[in-house]
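Each chain sits in its own coordinate frame; assemble them with the hints.
Just so you know, the protein sequences line up as chains P and G, in that order.
When we follow our numbering, the leftmost residue of the first sequence carries the number 1, and every step to the right adds one.
When we follow our numbering, the leftmost residue of the second sequence carries the number 1, and every step to the right adds one.
Note that these hints are calculated values from the structure, not bench results.
Hints may be right or wrong, so weigh each one.
[As the list claims (entries may be wrong)] Pairwise CB distance ranges (calculated): (1) P/P183 with G/L138: 41 to 49 Å; (2) G/E89 with P/R184: 51 to 59 Å; (3) P/E85 with G/V114: 55 to 63 Å; (4) G/G82 with P/P326: 22 to 30 Å; (5) P/K404 with G/Q101: 29 to 37 Å; (6) P/V223 with G/G82: 21 to 29 Å; (7) G/L138 with P/E85: 33 to 41 Å; (8) P/R401 with G/L138: 23 to 31 Å; (9) P/L393 with G/L138: 38 to 46 Å.
Model, not experiment: these values are computed from the prediction.
The beta carbon of each residue, even a glycine, is placed where N, CA and C say it ideally should be.
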Amino acid sequence: MAEASEYQKEIERLKQRLTEIEAPPVPQTEVSAAAGAGRPSEASRVDAPRVESFSSPSIPINQNVSDQKIEAAVKTAVKPTVSHEMGVGSEPESPWGPVGLDVGTSNIVMAQNKGNKVQIIKQLNAFFTIPQSKFTKQILTQNNVMFFEHNKRYYIIGYSAEGFANMFNSNTRKSMEKGLLSPREDEAVIVIQSIINTLIQKPKKFGEIICFSVPGQPIEREVIITGHESIIKMYLETLGYTPISINEGLAVVMSELSDDSFTGIGVSMGGGMCNVCLSYLSVPVITYSIQKGGDYIDEMASLETGEPATKIKVIKEESLDLSVLPKNKLELTMHLYYNDLINHLVRSIQDVITSSENIPKITEPIPIVLSGGTAMPKGCKEKFEKALNAIRLPIEISSIRVAKEPLNATAKGALVMAMAESR
Amino acid sequence: MSLKVVIFSADTIRGSMIKKALERWVDKPARDSGIQPGGSDSRVTQYEEKIPVLILFFEDLLNIEETLTRERPAVVVLDMKGYFQGELEKFRNGCAQLFAQAVYFKVLAIGNTVRKESSVIKDVVSDWCMDTPIDPVLIVSKVRMLLASGAKSGSNGNNQSDTDVLMSNLMGFLNIK
Numbered sequence: 001m002a003e004a005s006e007y008q009k010e011i012e013r014l015k016q017r018l019t020e021i022e023a024p025p026v027p028q029t030e031v032s033a034a035a036g037a038g039r040p041s042e043a044s045r046v047d048a049p050r051v052e053s054f055s056s057p058s059i060p061i062n063q064n065v066s067d068q069k070i071e072a073a074v075k076t077a078v079k080p081t082v083s084h085e086m087g088v089g090s091e092p093e094s095p096w097g098p099v100g101l102d103v104g105t106s107n108i109v110m111a112q113n114k115g116n117k118v119q120i121i122k123q124l125n126a127f128f129t130i131p132q133s134k135f136t137k138q139i140l141t142q143n144n145v146m147f148f149e150h151n152k153r154y155y156i157i158g159y160s161a162e163g164f165a166n167m168f169n170s171n172t173r174k175s176m177e178k179g180l181l182s183p184r185e186d187e188a189v190i191v192i193q194s195i196i197n198t199l200i201q202k203p204k205k206f207g208e209i210i211c212f213s214v215p216g217q218p219i220e221r222e223v224i225i226t227g228h229e230s231i232i233k234m235y236l237e238t239l240g241y242t243p244i245s246i247n248e249g250l251a252v253v254m255s256e257l258s259d260d261s262f263t264g265i266g267v268s269m270g271g272g273m274c275n276v277c278l279s280y281l282s283v284p285v286i287t288y289s290i291q292k293g294g295d296y297i298d299e300m301a302s303l304e305t306g307e308p309a310t311k312i313k314v315i316k317e318e319s320l321d322l323s324v325l326p327k328n329k330l331e332l333t334m335h336l337y338y339n340d341l342i343n344h345l346v347r348s349i350q351d352v353i354t355s356s357e358n359i360p361k362i363t364e365p366i367p368i369v370l371s372g373g374t375a376m377p378k379g380c381k382e383k384f385e386k387a388l389n390a391i392r393l394p395i396e397i398s399s400i401r402v403a404k405e406p407l408n409a410t411a412k413g414a415l416v417m418a419m420a421e422s423r
Numbered sequence: 001m002s003l004k005v006v007i008f009s010a011d012t013i014r015g016s017m018i019k020k021a022l023e024r025w026v027d028k029p030a031r032d033s034g035i036q037p038g039g040s041d042s043r044v045t046q047y048e049e050k051i052p053v054l055i056l057f058f059e060d061l062l063n064i065e066e067t068l069t070r071e072r073p074a075v076v077v078l079d080m081k082g083y084f085q086g087e088l089e090k091f092r093n094g095c096a097q098l099f100a101q102a103v104y105f106k107v108l109a110i111g112n113t114v115r116k117e118s119s120v121i122k123d124v125v126s127d128w129c130m131d132t133p134i135d136p137v138l139i140v141s142k143v144r145m146l147l148a149s150g151a152k153s154g155s156n157g158n159n160q161s162d163t164d165v166l167m168s169n170l171m172g173f174l175n176i177k
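Chain G with its partners taken away, still in its complex shape (with noise of 0.2 Å):
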């Protein structure tokens, strides 16, 4: 299964500036992860495991519940810079909505990170990143890191991934619990 992650920017350039970034290090996960080669077996597999990234751009928050939940992303990247307000909420609403759906997911949002306690959207944000100047390298170790965390404990504070819960329920409707 491949993982997804799902940029919205208002603005052409700064949203393709964040998707190189990240396809580049899908490019080169393994020297990113400053994983040698060499060493036990363990340590070779691991250098050599490369996941499968699907990085996704959409320039809109219009349809935002309908793209996320056709999408199922890991992480979603909201640069913040260019919406108005109606539209950050907007998303806001649309992520707490998919969260009470069970589909879960991680927020990076760009933004101004010196207000991020009075922003619309700080309920439903996992990480934060400064807006100006973009630091492309800063939101890729940041995606990185909450892709790393998704995997390991869920998505956005919950402990339980999407296939986790499909396989609790089903486990107890089976009774084999």
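This is chain P alone, in the form it adopts within the complex (with noise of 0.2 Å):
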């Protein structure tokens, strides 16, 4: 009788399951952990899921959490930005929500998103060393400026570097050579950490994402990018981050090609390099640099013509026109370097994605953006155009532009990605 009741119950059981199989099933929304855009650095992942459920317009759509970052991510690439140099006597940032750093060869600069506006903070990555004294440190404190103590030495670090170096007839050293830190400065990594200190502390949540911008692997010779990327990454956690890295030709990408799909070539022209990316819907298929930048430039220049880099880095900066005819033989020194790197940069391009097998199949044409300060002077762009329509590329390009603010487009770019990974 007991097994026969059980067995009546079982048959019940099933009925009952047999009339939820065939009943209409019910539109489900999950929430799941941001898919977001790829991560260029992490070499193997398996990325979480990502359910894409929708409903007719009578139902409400509850837009799960990872769909919400990813679009405030979006917005963020096309609202304004306040952006204002590191000030003497200016306090870091203690950062309330994710944050995009560029650490560039000539500028630091740290972008967080402020209500409806983007603020961008910048310093300069340089410093100059003094002899220690009390005196000294007494009228250094006394004056708010940024410096630190180290091997008997004072450090002087940011734009007050560059007065010092001013007024000493000098000029002021780097911690970064060629997108890198440099392995002639023994004290790279600590002068670096302090400027990156400048901009910010620890953040007011404990873990909260930062992304930072690496350089791409340099096609002229073999470096090792990874110290670098470790190195700055390391210091980010000490401080209370979760670091996450960004090539610097997909940070623009990030920055400038949302209308784009995220589909595009992304070229940051900087002063130690130029990093290009090729990304297909934000997924970085090609990235690589060249060792020559604004720098490059520069020095090539103060050798022809005798005249000091700074004093060329300040004519090429504010009065260049590459436009126009040069009017003198500075001018004109200038003018041929620009051809120089801008027609190696294009023959990069067409040797790196001819030699790709990864590239994708691409039926509409995508545009190239062009940023950082060596893409600004006027002219810069036109002369890049030039130079690509005498060669052939694999895949049609739909048009040529310079970023809408060159100097902060890959910090921009990083705080994109950091929001889009954000928790």
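Here it is in structure tokens:
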């Protein structure tokens, strides 16, 4: 009898199960971890599942958390920016929310979301040393000069270093060379950590995401990028952040190509190097760099003309016009080396893209965006366009444009990535 | 019930491209379907009907049976480039084992289509795509066709889906066929 009743219960359960199977499915919405844009630095990764679930207009749409974050990140790319240099006596920020950090050869730039704007703060990536003394320390402190003590010397960092160098009729020293930590400076690591410290403090929320830029692998020579990346990553972890890295070229794409589904070529023409990234739907298909940038033009023009590199840099940034004929020997020299840099860059794009097997079949033409201080002089874009028209590429280019804010694009793109990856 | 598409690729960049392309399609299914709003009610409903799709990406084929048993995808996209012969054989054996256990799914292989007849996985593959250059738009289009054909007629040439098999078995057990 007991067996029969158990059998009966089993039958009832199975009938109920059959009814459930036959009933129409109820739409479900699941919240999952953000898939976001691709993480270029992680070699092996299983992406968190991403559920796309929609409903008819009569049922309210419950957008999942990861979609909201990605949407917020994409909106950040088009927000206006408010940028300023890290002033003397200013205190570093303790950020609330994800942070983007552009670690460049000439400048280190921090970006964070501030309401309906993106706040950008810059610091010069340079230092100057003076002998240690109590009197000097008193003067430096009174005048809010940014410095630290090391090996019985004072290391003056950032914009303050520029002032001191001018005073001593000398040049500042650089902690980075050609996009990477300088092998010639023993204190490069401690200097760059101190400079970063002038921009950001510990975050308000422990484990806040910070996305910092790293250069691509140079095509001219074998250089170990991972050492440079690891040093900065370790330091940011000690500050209490969760650091992730982004290729500089990809950061330009994230900042400038939101309307093109993050598909295109981003070129960051910086002081130490030029970084290139071909991105497909925010996946960095090709990334590389050439070790020529604005500093190359300054140095070569200085050798040719005998003028100091710092003077050439000022002329280049303030008055150089590449769209008109040069007025003097100095400008002629700068024109020539700009042509050299651009031709080298364009040829490298041709060589790398034509030899790559990873290029997907892209049916529509894609844009190229130039950013960085070296792309700013008037006429640079036109020279680039002229050089590009002289070569053949396996993909069609729709347009070439300069970033809306060439000096801030990398930091902004890093912020976009940080927001997409935030928890 | 959401549909699942599982991608296997030894190359993170290629796998990510396929995943992003599929996710993009999932964001805009109505536009890609070519069905315009307006017209009769049934067409409007069809335009607005949206299917939840889960897209997962894995790199290794070591635990293929466990992965596919757990995820129960409707379509598996296998990017053959970068996998060794042994791994592809493991994939084939794993799929065959799962089909024998009534776990059905369609397989889209991205490989050398010229040599597909001699490929070790040809018995378990439903459709092919050329691997170089990788064509994400074509892959998305083929995945959509496989999902649609799977919804109509079951998976991998078998005319019964998992749910249909269970229902049939239950009805037989309850003697109400």
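Verification of the supplied hints:
{"no.": "1", "hint": "P/P183 with G/L138: 41 to 49 Å", "result": "holds, 47 Å"}
{"no.": "2", "hint": "G/E89 with P/R184: 51 to 59 Å", "result": "holds, 53 Å"}
{"no.": "3", "hint": "P/E85 with G/V114: 55 to 63 Å", "result": "holds, 59 Å"}
{"no.": "4", "hint": "G/G82 with P/P326: 22 to 30 Å", "result": "violated, 51 Å"}
{"no.": "5", "hint": "P/K404 with G/Q101: 29 to 37 Å", "result": "violated, 57 Å"}
{"no.": "6", "hint": "P/V223 with G/G82: 21 to 29 Å", "result": "holds, 26 Å"}
{"no.": "7", "hint": "G/L138 with P/E85: 33 to 41 Å", "result": "violated, 50 Å"}
{"no.": "8", "hint": "P/R401 with G/L138: 23 to 31 Å", "result": "holds, 30 Å"}
{"no.": "9", "hint": "P/L393 with G/L138: 38 to 46 Å", "result": "violated, 21 Å"}
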